[in-house]
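Take a look at the letters that make up each chain.
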Amino acid sequence: MFKYFPHTEADLQHMKRVLGITNTEDMFQVIPQAVRHNQDYLIPSALPESDLRRHMEELGKMNAQKIIFSGLGAYDHYEPSVINAIISRQEFLTSYTPYQPEISQGTLTYIFEYQSMITSLTGMEVSNASMYDGPTATAEAMFMAEAITRRNILLMSSTVNPNIQRVVQTYAKYKGLSIEIVDQKDGVINLESLKSKLNDTIAGVIVQNPNFFGIIEDYNGFSDAIHANGSIFIINSDISTLGVLKTPGSYNADIAVGDCQSLGMPVAFGGPYLGYLATKKSHVRKMPGRICGQSFDRNGKRSFVLTLQAREQHIRREKANSNICSNQSLLALYATVYLSLLGPKGLREVNELSYQGAHYLYDELLKTGKFTPVYDKPFLKEFILHTHLNVNLIAKILSDHGIFGGVNLEYYNPEFQNVLNFCVTEKRNKIEIDRLVSLLGGLS
Amino acid sequence: MSKVMDGIFYAESHEWVKREGQIGIIGITDFAQSQLGSVVFVDLPEVGSKVVKGKEFGAVESVKAASDLISPISGKVVAINDELIGEPENINKDAFDSWLIKVEITDANEFSSLLDATAYRKISQ
Amino acid sequence: MKNYDHLIFELSVPNRKGYSLSKAFAPKYSLSDLPSSLLRDNQPMLPEVSELDVLRHYTNISHKNFGVETGFYPLGSCTMKYNPKINEEIAAMKAFNSIHPMQSASDTQGILKIYYELQSMLSDISGLAAYTLNPFAGAQGELTGLMIMKEYHLQRGDFHRTKVIVPDSAHGTNPASATICGFDIIEIASTPEGTVNLELLKAALSDEVAGMMLTNPNTLGIFEKDICEISRLVHEAGGLMYYDGANLNALLGKARPGDMGFDIMHINLHKTFSTPHGGGGPGSGPVGVKDFLIPYLPNPQVKFIDNHYFFDWNKDSIGSVSGFYGNFKVWLRAYVYIMTLGKEELGKVGEISTLNANYVRVQLEDEFNLPIKGFSMHECVFDGLKDTSTGVTTLDVAKRLLDYGVHAPTIYFPLLFHQSIMIEPTETESMQTLDEFVTVMKKVANEAKTDPLMMKLAPHTTPISRIDEVYAAKKMILTYQDYLRENQ
Chain A
1 MFKYFPHTEA DLQHMKRVLG ITNTEDMFQV IPQAVRHNQD YLIPSALPES
51 DLRRHMEELG KMNAQKIIFS GLGAYDHYEP SVINAIISRQ EFLTSYTPYQ
101 PEISQGTLTY IFEYQSMITS LTGMEVSNAS MYDGPTATAE AMFMAEAITR
151 RNILLMSSTV NPNIQRVVQT YAKYKGLSIE IVDQKDGVIN LESLKSKLND
201 TIAGVIVQNP NFFGIIEDYN GFSDAIHANG SIFIINSDIS TLGVLKTPGS
251 YNADIAVGDC QSLGMPVAFG GPYLGYLATK KSHVRKMPGR ICGQSFDRNG
301 KRSFVLTLQA REQHIRREKA NSNICSNQSL LALYATVYLS LLGPKGLREV
351 NELSYQGAHY LYDELLKTGK FTPVYDKPFL KEFILHTHLN VNLIAKILSD
401 HGIFGGVNLE YYNPEFQNVL NFCVTEKRNK IEIDRLVSLL GGLS
Chain B
1 MSKVMDGIFY AESHEWVKRE GQIGIIGITD FAQSQLGSVV FVDLPEVGSK
51 VVKGKEFGAV ESVKAASDLI SPISGKVVAI NDELIGEPEN INKDAFDSWL
101 IKVEITDANE FSSLLDATAY RKISQ
Chain C
1 MKNYDHLIFE LSVPNRKGYS LSKAFAPKYS LSDLPSSLLR DNQPMLPEVS
51 ELDVLRHYTN ISHKNFGVET GFYPLGSCTM KYNPKINEEI AAMKAFNSIH
101 PMQSASDTQG ILKIYYELQS MLSDISGLAA YTLNPFAGAQ GELTGLMIMK
151 EYHLQRGDFH RTKVIVPDSA HGTNPASATI CGFDIIEIAS TPEGTVNLEL
201 LKAALSDEVA GMMLTNPNTL GIFEKDICEI SRLVHEAGGL MYYDGANLNA
251 LLGKARPGDM GFDIMHINLH KTFSTPHGGG GPGSGPVGVK DFLIPYLPNP
301 QVKFIDNHYF FDWNKDSIGS VSGFYGNFKV WLRAYVYIMT LGKEELGKVG
351 EISTLNANYV RVQLEDEFNL PIKGFSMHEC VFDGLKDTST GVTTLDVAKR
401 LLDYGVHAPT IYFPLLFHQS IMIEPTETES MQTLDEFVTV MKKVANEAKT
451 DPLMMKLAPH TTPISRIDEV YAAKKMILTY QDYLRENQ
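Chains as they are written, first to last, in this note's numbering: chain A, 1 to 444; chain B, 1 to 125; chain C, 1 to 488.
Hints are computed from structural coordinates only; laboratory data are not their basis.
There are no misleading hints in this set.
Mimicking DSSO-like on lysine-lysine, the simulated pairs with C-alpha atoms at most 30 Å apart in a straight line are: (1) 55(B) x 163(C); (2) 122(B) x 386(C); (3) 175(A) x 53(B); (4) 197(A) x 315(C); (5) 23(C) x 367(A); (6) 281(A) x 55(B); (7) 55(B) x 175(A).
Since the model is a prediction, treat every value here as computed from it, not as a measurement.
Turn these sequences into a full structure, and let the hints guide you.
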């Protein structure tokens, strides 16, 4: 037998006797012969554990681990070791969605804590239990705007990361919604341009802060214009930065969405990450995903339970506003533990150190004379610079020296020729930054 | 066995409507509330909006189910039962006392296609 | 510590800390240089606790959870099989965790090779031509698959196919995904045997039908014996066949959806391929297609040319459904699982899981209603207790099972029966575990007759007893902030 199948030959014989069959094939007679698969799969033979480990180590070596100096939706922040110890516990790792609250208070408790932290960070009133990632959370916010306003055009700022824009566009296309892009001016969304596009067909407006260029946008005056038009205001933010930046709630946004990867989650080639979605209580019934609420058990003990489930697909079926079922619960635990360890001061310190490092690098790169600013706007940990150097040469030199950074934005949009993205988190020290500067400064 | 009230009209989608002159008073039946279980939320239209016979005008929600409200007649909403917003459980206590909306009837002929108490008893047992 | 009931916020003490960060090296820069209008004017409500506080809190609340390693978890439709530890070890390797998603193809050949090989293996296992691993979960796989279906019709200039057929036994995600994809739903009623009603299907088919979504074996654990005819009818009407892979476990080693006429499908890697459910996620929902649909797969797609793996962006694609490439570390675990089982063992999964389900089924027929007789596949569905004279319901049975250290089966689904109990034992459970489960189920059935009041109040030994769900829905205390306001 095999280590994952506990049946002995004697067990199998006994089980067949109980079923009154001599051959397990008797159970499969219902499958038409024409579609039976009677040959081995074209996959390798079973690998014993030590061979498998060696095989995976070989595959691991085929990836280049580098010092990370770019962001673009995935940020290399510090990962406290406590978190993995907690999320590896089988009680959290292997359990299903907490549909039986009597034996799921562990999961339900952390979801409640997660929702509390997300609402506080975003300045909103209610959060769900998690979405897949920031881009899909943004697409779901778009569906909410449609459901609330019964309108079908969304405005999206051109300063939103193209990775987010692409997902939103895909979701919109098949639902029969359309997206109009609002121009930027000096690297930020242009309020006048936005106002000129607002009319009674506009369901909502999607912006990102900090935006694709790393710039901190200012939404003063936005909600008045958007709400006067009966539209929904959606702000996508990197959750970590909301430890210090003005919140979507303070900007009077209706829906706050974004990624939680920046809460110390490994960059891990794009996933699993975690999307968040928070809104006002008045919109809670249009909100996708699971929601945990507090109640009491029969003995009056404070307890937690999934609530408002009548919104969801397993009850509402084709009338549900969203089809989400599995979410990213374990990552919500990750985020909750991270935020518990860091607390308000630690989160501020992470942002402060990232800010300092990023601004140090920015100034040092300008000093080399090989880079010039693209926009003169405030940023936090991520920024762009223009260079007259050969970008392919830069990529090669950095790569040869074990650095990943200076991603050329031309990859996303041909307009951004020779515009490079840099990002500095609190994990980058002065030696690493000085080395990056001297490598780039030495080029010609 | 759920309660059916005589002298009012019923839709197959389990709403009742009581006629008072030009006004139709609409609610959900005792059978409907018993199927839903504890009602926790009622979503009602705004006063002044129009409802159309056979079309949804709101929803009632319990812990484990949600049901669209289908209007048994067409008309303009002249009143909604505000009390239900705060105390939706009143529907479970007495579904016939807990009206949802009052509408100004546009077409009195629509009543002829509704069920009477005897006919509704047959489909709600 | 059964009575531990704190929230992390309640442990907070001002100025306590649970982190250590590097020293500032460029203090001349400061966040306070930013215009104050861009900064938040209050401190977020986060706890201030020590490392040990955090560890104790989460360890204590973890004890109130039931996992696959706690005990038998026969949750129907969810395939709660053992989640191997080697998968976790590999997923924790730095060589995978430290790679940024925007790194170049030459930096990521190992990961791209895993992507490419896994999609090839899934293609062979399911009888399809190619896969994307980008969808994050089964539901998103459905949505992605339906987008591909829609795009196929649109690019052929066939603009009127606006409807999707879904049997009434389907998972709720099927009709929900079809709506999100902009389709109208035609729901068709099942036969008394729980399978697709061919007459109703024929009546529903027209040149407005884009395709049909089907789970096979279906949510009753029954194989659709007419599957070839169903596919033929749908194809004849110009529609495509979509396979919901939720129940794929039953077919491993026995049959392949592609051979049954399915054109598009998703696989729930967190079910069939052993990746842990994580209290609700992350999952992974790769989507496979027949070769004529490959151009429509979501972007980016992994290609292999001249001994080099790379991401390719196809202009005919439906677009992107994920910020990057899906839940990488979930599909990484699935790859490890397949490599562990190999062709020898993977082919036995369907057989053993089906044997387990039937072994349970035949032993419970005396106490529980079995609406559909005969062999089931990997799961079996009962319609409540046979003896309902005391008023004990399926909910009560499920709750009482918790007292015996067994996770409840899926209840009240499928919706075709009023008292559904859906049991899926999976291949990783031993005969002895199943014997114990059968004993417990019979005991509970007996208790329903002898002590209905005790059953109504069950469970009695769990960290909490039955919870007031009406209070939760009406009060909507959804955050600690709400809780503090309520208890002022």
